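Build the full structure now, drawing on both the sequences and the hints.
Protein chains: 2
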Amino acid sequence: MSSNSSHSGVSRRVLLSALAMLPTFSGVLFPVSSSAQTATSGAPLASWNDGAAKQAIFDFVRATTDRASPNYVSPEGRIAVFDQDGTLWVEHPMYSQVVFCLDRVPAVVAKQPELKNIEPFKTVLSGNREAMAKLTMPDLEKILAATLTGMTTVEFSAEVKKWLETARHPRWKRPYTELIYQPMLEVMRYLRDNGYKTYIVTGGGQDFVRVYAEQVYGIPPEQVVGTMGGTKLGYDKAGKPFLTKEPRLLLNDDHAGKPEGIHLMIGRRPYAAFGNSIGDQQMLEWTAAGAGARLEMLVLHDDAAREYAYGPAAGLPDSKLGTFTQALYDEAKKNGWSVISMKNDWKRIFAFE
Amino acid sequence: MSSNSSHSGVSRRVLLSALAMLPTFSGVLFPVSSSAQTATSGAPLASWNDGAAKQAIFDFVRATTDRASPNYVSPEGRIAVFDQDGTLWVEHPMYSQVVFCLDRVPAVVAKQPELKNIEPFKTVLSGNREAMAKLTMPDLEKILAATLTGMTTVEFSAEVKKWLETARHPRWKRPYTELIYQPMLEVMRYLRDNGYKTYIVTGGGQDFVRVYAEQVYGIPPEQVVGTMGGTKLGYDKAGKPFLTKEPRLLLNDDHAGKPEGIHLMIGRRPYAAFGNSIGDQQMLEWTAAGAGARLEMLVLHDDAAREYAYGPAAGLPDSKLGTFTQALYDEAKKNGWSVISMKNDWKRIFAFE
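Residue numbers (the numbering used here), protein chains in the order written: chain W, -12 to 340; chain E, -12 to 340.
Treat the hints as calculated values from the structure; they're not laboratory data. Here the structure is a predicted model, which means the values were calculated and not measured. Heads up, the beta-carbon is just placed ideally off N, CA and C, and yes, glycines get one too. This list has only true hints and no planted wrong ones.
Below 30 Å or equal to it, Euclidean Cα-Cα: the simulated DSSO-like pairs (lysine-lysine) are:
1) W:Lys184 - W:Lys320
2) E:Lys321 - W:Lys224
3) W:Lys219 - E:Lys219
4) E:Lys219 - W:Lys307
5) W:Lys321 - E:Lys224
6) W:Lys330 - W:Lys41
7) W:Lys227 - E:Lys41
8) W:Lys184 - E:Lys227
9) E:Lys321 - W:Lys227
10) W:Lys320 - E:Lys224
11) E:Lys148 - E:Lys219
12) W:Lys219 - E:Lys184
13) W:Lys184 - E:Lys148
14) E:Lys320 - W:Lys224
15) E:Lys219 - W:Lys129
16) W:Lys307 - E:Lys227
17) E:Lys334 - E:Lys160
18) E:Lys307 - W:Lys219
19) E:Lys320 - E:Lys330
20) E:Lys129 - E:Lys148
21) E:Lys307 - W:Lys227
22) E:Lys129 - W:Lys219
23) W:Lys321 - E:Lys227
Far from chain E by the CB rule (all over 10 Å, computed), these chain W residues:
24) Val92
25) Asn104
26) Pro304
Per label pair, the in silico range of CB-to-CB distance:
27) E:Asp223 - W:Val141: 42 to 48 Å
28) E:Asp317 - W:Glu152: 40 to 46 Å
29) E:Thr139 - W:Asp180: 31 to 37 Å
The structure is reproduced here in structure tokens:
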């Protein structure tokens, strides 16, 4: 994810550039099709072409799980972490969570009609993309606060679930949860089959990703680390407790926040880390700083035909979403990290192909 | 743990009352003896006397793991949470972590000699318990900040480890990590044997408890939820990243903070919760509010001969550590929660007996 992030790991720059591309609201009523998780193949990494990236994964697993290896890691220490946006699923033209927030505005206004004529809600409701691109940072914070907080944790999960069932990606016209990279599902499964515990470590909202992570990635809620907000305990009239999501940032789980989030939520250093941008750089450095065999991999978006191509590392302009700089590319090459070319290393991108 | 808590889940009231009982510094050089975890028995709950408490555990496990049961819980949902101080190990005459903080003061002063003549360090170094009992809240915050933060996470773990090897409980003259309740180790093991994931949810410092939780309780670092402070990423001269513990409270994991911490770290509601005081009340209520079969248990300290007896629920004065009020006792009885009498329900308290 991008730099200078704010609450919920979404920076103004990213939000504005993305707003300019947004085709108003994305919610369309369609039934949900089958989860990407169901697409399994027999051989490990079946959707990967032979090459250095695929081999690096095999070598790492053998080095850390073969009892005869000098770099053997006992099962309880086997931790692998994955960024989400741009690493596990499509992040263009806009982070799914931001689309969710904008799509939520009409519902928020319906419950609080007084917001209808108040900025920034008025502008978002207008659908005027040029006006939306001029929203200020405090305006955007208000949208995030209004759409991600103020409800109970149970209500929030229900809202995300409902949205995921109806929202469609503008390019593929499919649910966002189908736009998962099949080769990455296979890496996660291969690591789990070899005793690794797989975690998502995302700049996106922890509560947002937890709603679908188990079904889509096979990753339970307790293994989702994300941008975290505070909650507050309350009791209803019957004396039953509930938690309300508060607009109080505990940790922005992006850039330096990723190692901090890993320490907070996992408490030990991963052996493998997967990312795709400068927002993941510190997480990969943190992983690489451990002793023994470690695996650091970066997904390079260089496939405009099947997905997207963007960023300096692909010889293209910085599109502000998932920035992969030349400096990060150089650091990867210098340190022996793997760069995964979507174009060359992946036989297919999505399970539905 | 007690009410009106501050940073690190330690309230001034608790600290002051405990200071009055402290026999200066507890650090004595002795080799560490074997971990309490090694003491295993064949039959489940072997250290429990037959009775309602033991039966409640058996009934709960059968109800949630028998596929024919209407309250069957699939393995991924099986979460059990345990308070630590007073529930898993001895909390009298003082929380072990507070002893650690006070024991750390000389080392902190050795590194920063200018603190020697500055309060509150001067008073702590004096060993004058009456003067220590008069320390103000800001004074105590300074002690906690100086002893729990300002070092790297690696340095902190090493300090805790070293302290655990040498510190001895004033009554039993044994390492604190041997003062674990054997019947509770058996409950944790029994639940794990039945597919439950066991978590510690403590008002104590998360980083402190993680140092020994795996060896002592069989609970890995990622399953320790505690009072959480922020960290900050830095790089040494060789470019290697490190995390420094900061005096910035993220969550006070006590009272209402326990359900909040459970949501943050686990993301789903537990089926079983074990505590011993009003600091655990909200965690038990949060657990009880879920559907299906749930287990809520409170340890009652009513055994002065073998451990300690304290608190209104045991018909004794409030000793300010691990307060078990009459109101909490009444709530337990009304809701069908189990109260575990240490005196009547436990055949033995410690593995070394």
